[in-house]
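**Student:** Make a model of the complete structure from these sequences and hints.
If you read the protein sequences in the order shown, they are chains H and L. If you read the first sequence in the numbering used here, its first letter stands for residue 8, the second for the next number, and so on. If you read the second sequence in the numbering used here, its first letter stands for residue 27, the second for the next number, and so on.
If you are wondering where the hints come from, they were derived from the structure by calculation, not from laboratory data. One thing to keep in mind: the hints can contain errors.
[To be verified] Ranges of calculated distance between the beta carbons of each label pair, as one might list FRET restraints: (1) Lys21(H) <-> Arg163(L): 46 to 52 Å; (2) Ser143(H) <-> Arg163(L): 21 to 27 Å; (3) Gln172(L) <-> Thr125(H): 26 to 32 Å; (4) Val65(H) <-> Arg163(L): 47 to 53 Å; (5) Gly64(H) <-> Gln250(L): 58 to 64 Å; (6) Gly64(H) <-> Asn183(L): 41 to 47 Å.
[Claimed, not checked] A few chain L residues that don't get close to chain H, going by computed Cβ distances all over 12 Å: (7) Phe164; (8) Ala179; (9) Val238; (10) Glu241; (11) Gln250; (12) Glu257; (13) Thr258.
Glycine included, each C-beta is placed from N, C-alpha and C at the ideal position.
Okay, here's what each chain looks like letter by letter:
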Amino acid sequence: MATDLHLRVITPDKIALDTRTDSVRVPAVDGQMGILSRHAAMVAALDAGVLRWTEGGVSRHMFVAGGFCEVQRGEVRIVTPAGERPVEIDEARAREAEARARERLRVGKSTTGEPLDTVRAELSLRRALLRLSAKSLE
Amino acid sequence: MASVRDLRSRIKSVGNIRQITRAMEMVASTKLRRFQDRAVASRPYAREIAGLVGRLAGLLGDDVGDRPLFKDGAGEKTAILLVTSDRGLCGAYNSNLFRFLEQWLREHPAAQPRYYVYGRKGYQYLCRRGREEQIERFLVEPVLEQTDYRAAARTSNLLVQAFQSGQYKDVLILYTAFETMVRYLPTCVPLLPIRSDNLAAGPGEKSAATDVILEPDPATIFDQLVPRYLETRVYNALLESLTSEYASRRFSMKNATDAAKGMQNVLKGKYNRKRQETITKELLDIVGGAEALR
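**Tutor:** See below:
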């Protein structure tokens with residue numbers, strides 16, 4: 008099996024992933040996007056979602072919180088504010104975030120009592136749900 | 027003249043202080059390490075983002091200069107993100123930055139600064155100077171030491187929003203740049219508006235970018251990219267300031283420890299001389315007394 012794509016996930020805290028693979032699927036803003044070897048050079052904006060790739064025939068995945076994907080000469084670089092492998096996802100924290108966001112949307116007020124930023128609350132609910140789904144895929 | 031007993035207790039207290047400053051030096055060392063590691067770890071991300079911005083800016087060409095964050099703000103005031111420390115005992119770290127701030131203010135007499143302050147020392151300084159009403163925001167959540175990328179991103183977004191609201195002409199960051207272990211320079215960098223010539227895309231990169239697929243389209247990607255770019259700038263300023271703070275603190279604690287050691291030696295010398303003197307005096311008394319009895 009060819010493993011001629013170099014996949015790297017770069018976050019502000021660390022290089023979250025550095026591996027070789029033959030196919031990658033990224034959550035681009037306008038839908039999932041597949042990348043195989045010899046893909047043309049590309050820059051794509053990413054949505055929060057699940058990044059999938061294969062490693063020795065086994066499918067792997069991790070949660071990415073948006074960011075960008077850059078393909079260049081056999082290298083796929085995912086530049087994202089946060090990238091977490093299923094084992095790294097803190098399920099309790101994600102559930103808490105989910106509950107908090109739901110509560111905020113229900114009450115219509117933020118925890119500090121300021122008027123609610125609905126978009127932000129919905130986004131954080133979405134992130135929490137995506138994290139949980141990435142965890143349960145394992 | 028201090029008595030033998032006074033000297034003994036002073037030696038002891040200097041010794042205690044030395045132990046404390048030594049412990050503080052150790053703590054500063056470990057923390058310094060940690061912030062340095064984080065600064066190093068954040069570099070690839072910042073480099074990637076800056077590289078992308080540069081390449082896309084090259085691709086968009088002259089249109090870049092017309093984007094909202096690239097033009098001077100509508101307002102008159104200047105927002106200053108001032109990064110200081112929460113705690114003292116770190117040598118001239120804070121006062122150097124304050125001196126730098128004063129100098130900047132002298133050079134820009136027409137500026138109307140509004141402060142966004144990190145660190146209690148900066149807040150106290152501005153209040154003492156009677157500039158309390160110029161403080162727009164005192165950033166305490168989370169505490170500076172536990173700052174992470176998300177906190178930096180929030181601060182960055184706060185500044186972007188303030189800039190877009192049209193109150194400000196520009197936004198600056200005043201922080202301490204970390205050069206080497208013994209060199210940290212108070213620095214002022216412009217955050218907003220972004221100067222397109224600062225984005226410095228190498229000529230090779232520009233041409234390489236022409237046949238790249240951009241999904242969904244260059245302008246959309248660029249507009250998403252720019253806030254990330256600003257976040258990395260703020261994050262970097264915070265990490266460098268923290269690194270400088272701890273390097274400075276370690277250095278001054280080491281100096282204090284050394285000074286305490288020197289002082290201890292001087293006091294010990296004095297103490298021994300004094301003790302000898304007392305013994306000699308007593309001996310003379312005894313000999314004198316024995317002489318008189320004969």
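**Student:** Each hint needs a verdict: does it hold in this structure or not?
**Tutor:** Each hint, compared with the structure:
Taking the beta carbon of each, Lys21(H) and Arg163(L) are about 30 Å apart, not inside 46 to 52 Å as hinted. A beta carbon spacing of about 40 Å between Ser143(H) and Arg163(L) contradicts the range 21 to 27 Å that was offered as a hint. Gln172(L) and Thr125(H) have their C-beta atoms about 29 Å apart, which keeps the hinted 26 to 32 Å range intact. Between Val65(H) and Arg163(L) the Cβ separation comes to about 49 Å, which falls inside the hinted range of 47 to 53 Å.
Remark: the range hint 58 to 64 Å for Gly64(H) to Gln250(L) is contradicted by a beta-carbon distance near 34 Å. About 42 Å separates the C-beta atoms of Gly64(H) and Asn183(L), a value consistent with the hinted range of 41 to 47 Å. Its beta-carbon lying about 16 Å from the closest one in chain H, Phe164(L) satisfies the requirement of being farther than 12 Å from that chain. With a closest Cβ-Cβ approach of about 7 Å to chain H, Ala179(L) is found to fall inside the 12 Å limit, against its non-interface label.
Separation of Val238(L) from chain H is inadequate, the least Cβ-Cβ distance of about 5 Å not exceeding the 12 Å criterion. With a minimum CB-CB distance of about 4 Å to chain H, Glu241(L) fails to clear the 12 Å threshold, and the non-interface call is violated. Against chain H, the non-interface label of Gln250(L) is violated: not every CB pair exceeds 12 Å, the least being about 5 Å. At roughly 8 Å, the least C-beta separation between Glu257(L) and chain H is not larger than 12 Å, which violates its mark as non-interface.
The beta carbon of Thr258(L) sits about 7 Å from the closest Cβ of chain H, which is not more than 12 Å, so the claim that it is off the interface is violated.
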